[in-house]
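Q: Residues per chain are reported as follows:
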Amino acid sequence: MITVTISPFGHMREFFNEPMKITIADQNQATLRKTLLKQFPDAGHIIELCVFSDEKRILCEQEKLEEGAKLFILPPVCGG
Amino acid sequence: MDNIKVSIKEQLSIEEAIAFTQGAQHGAQASFIGYVRNHNEGKPVDGLTYDIHQSLAEAILGKIAQKAQEKWGRGLKIYLAHATGYLSIGGIAVIVMVSSAHRAESLQACAWIIEEIKFKAPVWKKEDYMDGQQEWTKGHSLRKRIT
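Chains A and B, in that order, are what the protein sequence lines are. In this text, residue positions in the first sequence follow the working numbering: the first is 41, and each later residue adds one. In this text, residue positions in the second sequence follow the working numbering: the first is 1220, and each later residue adds one.
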C-alpha cells in the first residue's frame, strides 16, 4: 500500500478542488486511475483521458509511483 | 536555453516579446497572438479563466522552443508567453514570437509552435457565457501522446 497526494486541474476541479491524499494497493498508475474512477464515477469519461504528472514532467504510463509522491491529474488540454 | 524566453503570467506584453526577439542579425520576426473572442461554438462568451500547471507548462514550453531551434536553427530567438487567470474579451491569451535571419524559418517555426502549445501545454480554459453559465472547454488528451 502507498499513499500519494493528488491535485486537480481543469475539469477535474469540478470533482475535487484541493490536494487529496489517496491510498492505493500498489505502485501502478493503473491502480490509481481505477481508485479515482471508483471514487468519482461521474468523472469517468475525463479520468480515462487524464495523465498524471509531478511538478516538472508528465509520468510515463508504466512508471511506478513512490510513497508520498505529490502528483497532479491532467485532463485533456486546451491552451492558446 | 539560449535565445529562448518562456513565461506564464497574468498580463502579457507584446512590447516585451518584440524587444526580446529583436536583433541585428535577425531580419525577420513572425508572431501569433491569441486573443479572447466573444463567441465559441455559437455561444456568446463574456470572458474566460485559464488554469495552468505553471512549473510543468514552463518546462513543456521550453522543450517546444528548444525543439523548434533544433528544427529551424539555433539562431532562432523565441518568446513564448501564456496568460493565466481571468481574461475579458480582447485580452491577450498567448504570444508566440520568433525571429530569424530570413522569413521562412520564423514563419514556419511560429506556426509549428502554436500547434504544439495547443496540443501539449498543460493549460485548461473555463469559459463564462453571457447567460451566466460556465463550461470547461473540451481539449486534447495528453494520454495518447505519451504512450
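These are computed hints drawn from the structure, not numbers from a lab. Treat the hints with care, as some may be off.
With beta-carbon atoms standing in for the labels, derived distance ranges [claimed, not checked]:
no.: 1; chain 1: A; residue 1: N57; chain 2: B; residue 2: G1261; range: 24 to 32 Å
no.: 2; chain 1: A; residue 1: K78; chain 2: B; residue 2: G1294; range: 33 to 41 Å
no.: 3; chain 1: A; residue 1: N57; chain 2: B; residue 2: M1220; range: 45 to 53 Å
no.: 4; chain 1: A; residue 1: T71; chain 2: B; residue 2: E1289; range: 35 to 43 Å
no.: 5; chain 1: B; residue 1: G1246; chain 2: A; residue 2: T71; range: 53 to 61 Å
no.: 6; chain 1: A; residue 1: T45; chain 2: B; residue 2: F1251; range: 35 to 43 Å
no.: 7; chain 1: A; residue 1: K78; chain 2: B; residue 2: E1234; range: 49 to 57 Å
no.: 8; chain 1: A; residue 1: R53; chain 2: B; residue 2: R1322; range: 25 to 33 Å
All of these numbers come straight from a predicted model, not from anything done at the bench. Quick reminder that beta carbons are idealized off the backbone N, C-alpha and C, glycines included.
Q: Hint by hint, note whether the structure agrees.
A: Status of each hint after checking the structure:
no., hint, result
1, N57/A <-> G1261/B: 24 to 32 Å, "holds, 29 Å"
2, K78/A <-> G1294/B: 33 to 41 Å, "violated, 53 Å"
3, N57/A <-> M1220/B: 45 to 53 Å, "violated, 33 Å"
4, T71/A <-> E1289/B: 35 to 43 Å, "holds, 37 Å"
5, G1246/B <-> T71/A: 53 to 61 Å, "holds, 55 Å"
6, T45/A <-> F1251/B: 35 to 43 Å, "holds, 37 Å"
7, K78/A <-> E1234/B: 49 to 57 Å, "holds, 51 Å"
8, R53/A <-> R1322/B: 25 to 33 Å, "violated, 42 Å"
In the structure shown, a violation is registered for the earlier hints numbered 2, 3 and 8, in ascending order.
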